[in-house]
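Engineer: One-letter residues, chain by chain:
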Amino acid sequence: MFCETYNKSLKDAAASGEPLSPALRQHLASCAVCRMAFAEEQTLFAAIDSGLHAAANSEVPSTLVSRVRVALNSEPEVQPRRFPLPASGLAGAAVAAAVIFALLYLPSTHSPAFKQPAGSSVAALVKNLPDQSGLNLAHSGGVSPVQRKRPVVLAASRDSKPGSPEVLVPDEERAAFARFMAHASPSSENFLASAALVPRAPKDSVRILPIEIASLELKPLDQKEARQGQF
Amino acid sequence: MQELILIEPGSTANAEWTREAERASVLREFEERLPDSAVLAFRVARGVLRNDADAEDVAQESLLRAFRKFDRLRERGRFRAWLVRISFRLALDRLRSAKRRAAREFEWTREQERSRPGSSQGSREFQQQLERAMEELPEKPRLALLLSAMEGHTLEEVAVLLSVPVGTVKSRIFFARKQLAEKLRCFVKPTTNR
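Here the protein sequences line up with chains A and B, keeping their order. So the numbering used here is basically just the index in the first sequence, starting at one, shifted up by 16. So the numbering used here is basically just the index in the second sequence, starting at one, shifted up by 28.
Pulled out of the complex, with its shape left as it was, chain B reads as follows (with noise of 0.2 angstroms):
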């Protein structure tokens, strides 16, 4: 008992300590990665979302949800794939939700006529049509293509962030591409007739 109580001060500061430097390191790791990281989350949220401030919040959550459990992450090389998966979660809850889902809708008309003003009323209604159509896209095609639609994502790198084979991005790629072009064959045609 009295070995315990002579020992107990000095291993707990000593705990605490390791404990403090291995936060440190956690800390410095993850905010390396960040501005790689936050591009990616953004844009993944973005892609579901429609709305830059939605996207926002949801990476911003995506981060800190993967910040909170970084040190448990045995292969650090699987972060960006984990990242990819917590974001496009939490931007699905976050669609789901019809509330938000009306507003983001008019925000997202007036976010579009004041970013391109220039651009024609045809292109505009094709954005939007194209948009939702992909959200009426199953889960795992419309990620794929969100992904591959990512500037500097080849296929390989698309199929390492959601772990399948490089075919099945393919296959994935492609039907979603059919579905889009199914459902927006109306909107192109007049343009091309021209």
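Chain A on its own, in the form it takes in the complex (with noise of 0.2 angstroms):
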């Protein structure tokens, strides 16, 4: 156990490993039990610092560095990027940029389509149309019970103005969406004229028939396919 004063300094100094200052040296030679306990404490680092050499310097397995080239040699490659980073980033930049300006500027390019043209007017439309119940059309004959249900018909068709929208209504709901459209706000006017003057898509357009499943025969193997049947 070292004197209380120099306690903390000489268990320092031995655990710095450092030359002990002038003070301290002369303390040591004055005092017989720090003397002692100094001596006991660079024991016990020179047992530390054994015992960390041992540890630290341990003996390498001839293996390691031959196990290390077989994996090394085994490695896959590894694939470069196709692009570098800046390049795909621009590339990035490049497609965010075309879809901003395609979703800012495309519909005001489509709203011309939408311009009612000159010298017409919903009265005039309305009055134009054909034949309302001819508009309601009796069922086509479909394939499947659903097209059965719910034929639908191009109201604004392909052959409309390019641009226009096309819009996709029953057959029993088109002379209802007519009128609707007729009574709706002014600016649906224009849809009603391209609604309203397109002729309907012709029904053999949209027919699908049945698939047609050829009877089957059944005929017995002969006995060399039959051999060649079993395992």
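Read the hints as simulated data drawn from the structure, not as lab findings. Each hint should be verified, as a subset may be incorrect.
[What the hints assert, rightly or not] Quick list of in silico lysine-lysine cross-link-like pairs, DSBU-like style, CA-CA up to 35 angstroms:
1) Lys211/B with Lys27/A
2) Lys97/B with Lys24/A
3) Lys168/B with Lys206/B
[Stated by the list, open to error] Examples of chain B residues toward chain A, derived with CB under 10 angstroms:
4) Phe58
5) Gln88
6) Val194
7) Phe203
A virtual CB, placed ideally from N, CA and C, is assigned to each residue, including glycine.
Hints given; two lone chains; assemble the complex.
Structural biologist: In structure tokens form, the structure reads like this:
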């Protein structure tokens, strides 16, 4: 046990392993108890150092390097990036810009299609409408029950002006839809115009014939084929 | 478009050839460093794990990881420091696995008895206690102490490996030694009193 005054400084000196200061050396020369305690402390650190040296410098297995070499050579080749990061970033930015541009400006390019044709009005359009009962056509002979229930025709088809919208309206709702559009907001007049004037798509163009499956004929296997079938 | 078709095959082959050459060059450079690096990686791992077999596995894994990203390492002079960090981190991860720990303790005891038949019971016990006390140290002082105890490492080299100033290394080592002394005092006294 060190003297109270020198306890910390002597312990620190032993832990650091650095040379003692003149004051400490003087004290150790005059104090036998501290001298003995300091010797014990030095023995302790010597044992620690020795143990650390043994732990930190253990023999490396001779197989390690060869093991790593084998693993390195069997390592799959790392595929480099097809595009370097800045290039892919630029490409991404360009695509994003294009999408934003399309979203912002595309609707405005469509708007002229909604312009009312010169000289036409809602009243005239309604008057010129073909017989509304004609619009409410009887159900066409579809293929599937679903189609039979809800036959859908093109109210404004591809034949209409480019850029005009296509609206799918079931047959039985077509007349009602036309009436609704006639009484709707003025902006919808344009739509009505294209909806009413475009002829219905021919029924035949949407008809899908049911799949025909040829009748199966069962024949007995001859002996050769029967043998091949066996395992 | 035609131009593209005409140029594409040649440029692809050229790019592939360049990539192959680069890979071969990286592999050669890495293999030159391997003997020295393997020792470092193994010893760092062994210092943490106290088991040769586990340390070998960790060293191998560290070296493979280092190799995979070796071509992206701009400062090749920092390779050893980088490898120390990888190895130390992987060894700590493995050490934290509780299952392996129990097996390792058992294997370690057997290994010590086999490798040092002449060593006294007291010194074996001290070594065991020392390595346990090391395990309880905080990571930074522990790694500094471990690296400084390795042969051929000066304080300056340890500072480079840890990317810290020499003063920081000194203070970490000092702190670690004091911590160890406090834990191991009782194991040394009986031998010194003899």
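Engineer: Take the hints in turn and mark each one as holding or not.
Structural biologist: Going through the hints against the structure:
1. Lys211/B with Lys27/A: Holds: Lys211/B and Lys27/A sit about 14 angstroms apart, inside 35 angstroms.
2. Lys97/B with Lys24/A: Violated, at about 48 angstroms.
3. Lys168/B with Lys206/B: holds (14 angstroms)
4. Phe58: holds (7 angstroms)
5. Gln88: holds (5 angstroms)
6. Val194: violated (14 angstroms)
7. Phe203: holds (9 angstroms)
The earlier numbered hints that this structure contradicts are 2, 6.
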